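Asks: Chain residues, written in single-letter form:
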Amino acid sequence: MIDADEKSRKTAPIVPAHSVTGRTLMTLIAIMTFLSCMTFGGVVLVQKSAIAWSADVGREVTIQVLPVEGELMDANLRLAETIAEATPGVGDAQALTIEESEALIKPWIGEGLDLTELNIPRLVIVELSDPINADLDRLAEELKAVPGASLDTHAAWREQLNTMAGTIVVTGLLILALIIIATVLAVIFATRGTMASNREIVDVLHFIGASNRFIAGEFQGRFLMIGLRGGMVGGAGALLFFLTAGLVTSSLLPDSSNAQLGILFGRFSLGIDGIIGLLLIVPVIAGLTAITSRMAVRRFLAQIS
Amino acid sequence: MIEFDNVGLRYGDGPEILRDLSFSIAPGSFHFLTGPSGAGKTSLLRLLLLSLRPTRGRISMFDEDVTHLRRDRLLAMRRHIGIVFQEFRLLDHLTTFENVALPLRVLGQTEAHYRANVEELLDWVGLGDRMDAHPPVLSGGEKQRAAIARAVIGRPEILLADEPTGNVDPDLAERLVHLFAELNRMGTTIIIATHELHMLDKFDYPRLLLSDGRLTVDD
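Chains as they are written, first to last, in the working numbering: chain B, 1 to 305; chain F, 1 to 219.
Hints in this document: simulated from the structure, not taken from any laboratory. A few of these clues could be false.
Said to hold, decoys possible - In silico EDC-like cross-links for lysine to aspartate or glutamate, where the CA-CA straight-line distance does not exceed 16 Å: (1) K10(B) - D132(F); (2) K202(F) - E174(F); (3) K48(B) - D273(B); (4) K144(B) - E71(B); (5) K10(B) - E111(F); (6) K202(F) - D219(F).
No experiment lies behind these values; they were computed from the predicted model shown.
Could you build the full structure based on these sequences and the hints that come with them?
Replies: Structure, rendered in structure tokens:
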């Protein structure tokens with residue numbers, strides 16, 4: 001039977017918790033994790049938006065029909081629609097009415113003008129049922145039969161969008177790498193400081209025959225806990241930020257604004273894969289802290305042995 | 001058990017601290033290591049503790065040449081050697097019990113496995129009622145006895161002590177030497193570094209005399 005004294009006795013850790021510059025390092029790791037998660041989340045959002053926008057734009061092409069003297073615009077629009085609908089991979093082709101065309105340019109030239117005097121170009125919106133296999137080269141070729149008609153596949157826009165999104169993703173990954181390097185350096189400095197301030201413990205352990213591996217393990221355990229706690233605080237902060245921002249954009253803005261924002265910038269949602277990626281940053285940072293501190297401790301011990 | 005053959009030691013490019021040391025220590029013997037301050041007693045103890053390598057000569061311990069031994073083997077060998085420091089070097093955040101148990105903890109033993117042994121040893125050195133006290137509240141004598149208990153808990157074959165009576169009153173100093181003598185009777189080889197002449201006069205053990213880096217044995 002265990003008596004009360006034995007029950008209450010708990011073996012103290014060889015490296016005391018307060019001796020590792022824990023609070024400062026934990027705060028630093030929490031900030032670094034938060035920044036890493038924000039960068040990662042930003043990269044995910046940009047990439048998802050770019051893919052979604054590119055897919056949206058890619059499902060549609062536009063035929064522009066310019067007014068040509070002596071030609072009947074309505075007849076040309078009808079012909080363009082017919083040619084488009086006969087093209088493989090096209091689902092539907094619909095010419096915009098004169099009112100719809102005027103509504104499109106009104107924001108650019110202002111209210112109160114009589115647009116009937118202007119010979120404005122007309123558009124045929126062509127929806128692709130099979131964007132990958134749609135024969136757009138054939139459509140462009142056949143549209144030559146329609147005076148003033150030209151095909152806009154938005155390829156230049158899509159290319160520019162992909163380039164921009166790619167640049168942002170690469171920049172984000174670069175920032176992520178720099179944050180991780182900064183974290184590693186901070187952990188190395190903190191470890192060296194901790195080892196120097198615990199030199200007496202290290203010496204005593206050496207004198208009683210403890211191996212460097214044993215001593216490193218004692219210190220690494222402390223740093224792993226600090227890394228995990230800091231990582232969880234930073235990760236939770238970032239997750240909270242993304243969830244709150246997602247809720248704010250979807251609930252506070254009117255539906256129409258929200259829809260426009262969604263079309264322009266994508267939804268403010270990481271998705272389940274984004275959240276899993278974000279949560280994975282926490283153990284990665286904690287593991288990195290533990291491995292870095294272990295290497296720094298082993299190096300310190302090798303130097304003093 | 002310990003064999004020094006023409007051993008010399010210098011720190012960096014400095015002068016030789018220890019010169020031409022040649023002597024042997026038999027198993028189960030008891031020696032005082034003495035000499036004036038700065039004679040090199042602590043350096044010799046560090047050579048015996050395998051925390052320094054000689055710059056020349058050959059040291060053999062436990063029938064093995066340790067002069068150029070690999071570090072992991074040195075650490076394993078160090079577990080056969082106990083050390084008591086003048087300044088105790090107990091860890092303040094650990095209790096007396098935990099300090100004494102430290103060498104066993106380092107070996108991977110669990111508390112359930114070593115608790116009875118540690119408690120028995122603490123009783124033997126008169127610290128049975130101070131097990132849960134931390135070093136800052138222990139007296140000098142209690143700290144020294146705790147340090148001795150820590151040094152012998154792993155049943156070392158050699159026990160080294162660097163001025164173990166330097167920080168305690170004469171009565172306690174004598175009791176501590178009796179404690180070492182008791183350990184010696186149980187088979188442990190003891191080497192105590194001291195410069196206290198009254199202690200040397202009181203106990204008739206062979207002396208290793210260090211002077212100006214050279215050693216003579218006075219049996």
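Asks: Has the given pair, K48(B) with D273(B), been kept, meaning a C-alpha gap of at most 16 Å?
Replies: holds (11 Å)
Asks: Check the hint pairing K202(F) with E174(F) against an upper bound of 16 Å on the C-alpha distance.
Replies: Satisfied, since the Cα-Cα distance of roughly 9 Å is no more than 16 Å.
Asks: Next pair to validate is K10(B) with E111(F); report whether the Cα-Cα distance is within 16 Å.
Replies: holds (10 Å)
Asks: Run the distance test for K202(F) versus D219(F): straight-line Cα separation, threshold 16 Å.
Replies: Roughly 15 Å separates the two Cα atoms, so the pair holds.
Asks: Holds or violated: K10(B) with D132(F), Cα cutoff 16 Å?
Replies: holds (11 Å)
Asks: Quick one, are K144(B) and E71(B) close enough, alpha carbons at most 16 Å?
Replies: holds (14 Å)
In summary, this structure violates none of the numbered hints.
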